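A.B. asks: For reference, the chains in residue letters:
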Amino acid sequence: MVIVQEATFDTGTEIKHLTDRNTQIGAVVSFTGLVRDFNDGSAIQSLTLEHYPGMTEKELEKIETQALERWDLTESLIIHRYGKMDLGDPIVLVITASAHRKDAFEAAAFLMDWLKTKAPFWKLEENASGNQNWVSERSSDIDAAEEWE
Amino acid sequence: MVIVQEATFDTGTEIKHLTDRNTQIGAVVSFTGLVRDFNDGSAIQSLTLEHYPGMTEKELEKIETQALERWDLTESLIIHRYGKMDLGDPIVLVITASAHRKDAFEAAAFLMDWLKTKAPFWKLEENASGNQNWVSERSSDIDAAEEWE
Amino acid sequence: MKILYFAWLRAQLGMAEETISLPEDVNNLHDLIDWLRARSDVFYAAFSDMDVIRIAVDQEYVTENVPLKGVREIAFFPPVTGG
Amino acid sequence: MKILYFAWLRAQLGMAEETISLPEDVNNLHDLIDWLRARSDVFYAAFSDMDVIRIAVDQEYVTENVPLKGVREIAFFPPVTGG
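Residue numbers (this note's numbering), protein chains in the order written: chain E, 2 to 150; chain H, 2 to 150; chain L, 24 to 106; chain R, 24 to 106.
So that you can see chain E by itself, here it is in the shape it has in the complex:
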C-alpha cells in the first residue's frame, strides 16, 4: 500500500496494523526517515517537502509493484509525507513483511533506494537564520539505486 499525506505517522502503529495476527509473517523490517539537524554540514531548523500530486502516488506504486515482483512479501507499506516538518519528525516509512528475513531486508532497502531517486519529492531546508536551501541530488543515492538495476 502507498500513502502520501501531510499528517505525521507513528512507525509502531503502522507496523502493528500491517502485521497483527498474520501468522504467515516471520520477519518485519521497517525503515523510518527522520528530519535530522545537519545535512551537508549546516544546521537545519525545519524542512519542507514539495511533491507532484498524482505522479508521486503513481511512481510509488510502480516501485512497490517492482518490490512485490522481485521478493516474496506478505505485506508492504510506503508512507511519504509532504509539507513542513520540524527536527526529529518522521518523513518517510517503509515496512516489508515476509516469511523470511532476507526478502524483508532486501525489499525495504530497495524501496528506499528507488524512492530516493524516482519519487517526485523535493526537500527545502531552512536554517536558524531563515535561509532556505533546495537539497541537491546525491551521487551516493544514484549509485545505490543503480545497484538494483
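Since the hints were made in silico from the structure, they are not lab data.
Only a predicted model underlies this, so the values are computations on that prediction, with no experimental measurement involved.
Warning: the hint list may mix true and false statements.
Stated by the list, open to error - Derived pair list, reagent style DSSO-like, types lysine-lysine, alpha-carbon separation capped at 30 Å:
1. H:K119 / R:K25
2. E:K85 / H:K17
3. H:K119 / E:K85
Claimed, not checked - Not close to chain L: a few residues of chain E, all C-beta gaps over 12 Å, as computed:
4. F10
5. R22
6. F39
7. E58
8. T66
9. E107
Glycine included, every Cβ here is placed at the ideal spot set by N, Cα and C.
Please arrange chains H, L and R on chain E, whose structure you already have, making use of the hints.
C.D. replies: Just chains H, L and R now, with coordinates in the frame of chain E:
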C-alpha cells in the same frame, strides 16, 4: 544495548524509546522476528526458546560491538526473548539508528545474520498434535553470516 | 496543455503551473523547451542547463525527445530529493 | 568443573547440568569427550557425531582441542537456531 528477557516487547515502543528527540538520527531500521505458523512445511502451534544464560548476553554484546565498529550508528538495540511463545508473538528485535540509511540497513542485517549463527538460542517447535521438534540449523543462515566475514 | 514547475524551478520562474495553447511550430519536447527559453531572460536562464532538469510527460518520466500531440500535462523539475 | 547440556543434547542425556571432578588422565577437551562417551550408551550415542555439537569453554566458543586446567564451565550444545 542488549536485552535477554522472557517477557514480550512492542517494536513501536522500543523504536520510540531509542530514537525520540535525538535529532542526529536520519534513519531508523527495525527488524522484528515473529513466530510463524509454518517452518519447513509443518504447522506449528507454539515455540519454546531455550538459551544459555550468561553466554547469551556475552555473545550478543560481542555482535553489537562488531556492528558499532563497522558502521556509523547513533543507537542500537537487540532484544531476544526466551521461553514459550504463541503464533504471531515477537521473538527478536533489532533496531539500528544512524545519520544515513545505508549504515542503518547494513548493520541491522548484519546483527540478525550473526545473531542467527552465534547467539546460543535453540528453538523447540510444538505442533497441534503435541509433537515436539528441535529446529535444525539452516545452511542459508550460515551462508548469510559468512558474507560479513 | 498544462505545464507544471516544481522546487527551485518553480521558485525561479515564480510560477507553479500554467496552461498554454501550443504554437503551430511546436511539435515535440525539444521545440517546447526552445519556445520556453525564448520567452524571457528568466526562462532562458532556468532552462539553460537541461542536465539539472527532469521531465515528466503525462506523469511519466521521459529522457528522449517526444511528440506533444495529445499530451495533456508536462512537468519540469530538478532531480528528486525525497525519502 | 561444571558441565552444561542444552537443547536436544540436554533432552537426550536427561540432564541440564552436572558438576564433576576431573579424573587425573583427563587433561584436555578431547580427553573429556572420550571420558563422557565411555560413561554409558546414552552418552556414547549423544557424542557420536561431533559435527552436530558445539562447545563453549567458560562461555567462549572453541573449535580446537584445549587444555582444561583452570576451566570452570564447559557447555555442549547443538548448532544455535535463535533469531
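A.B. asks: Against this structure, judge whether each hint is valid.
C.D. replies: Against the structure, the hints come out as follows:
{"no.": "1", "hint": "H:K119 / R:K25", "in the structure": "holds, 22 Å"}
{"no.": "2", "hint": "E:K85 / H:K17", "in the structure": "holds, 21 Å"}
{"no.": "3", "hint": "H:K119 / E:K85", "in the structure": "violated, 45 Å"}
{"no.": "4", "hint": "F10", "in the structure": "holds, 15 Å"}
{"no.": "5", "hint": "R22", "in the structure": "holds, 30 Å"}
{"no.": "6", "hint": "F39", "in the structure": "holds, 16 Å"}
{"no.": "7", "hint": "E58", "in the structure": "violated, 9 Å"}
{"no.": "8", "hint": "T66", "in the structure": "holds, 15 Å"}
{"no.": "9", "hint": "E107", "in the structure": "holds, 17 Å"}
Hint violations for this structure: numbers 3 and 7, all remaining hints satisfied.
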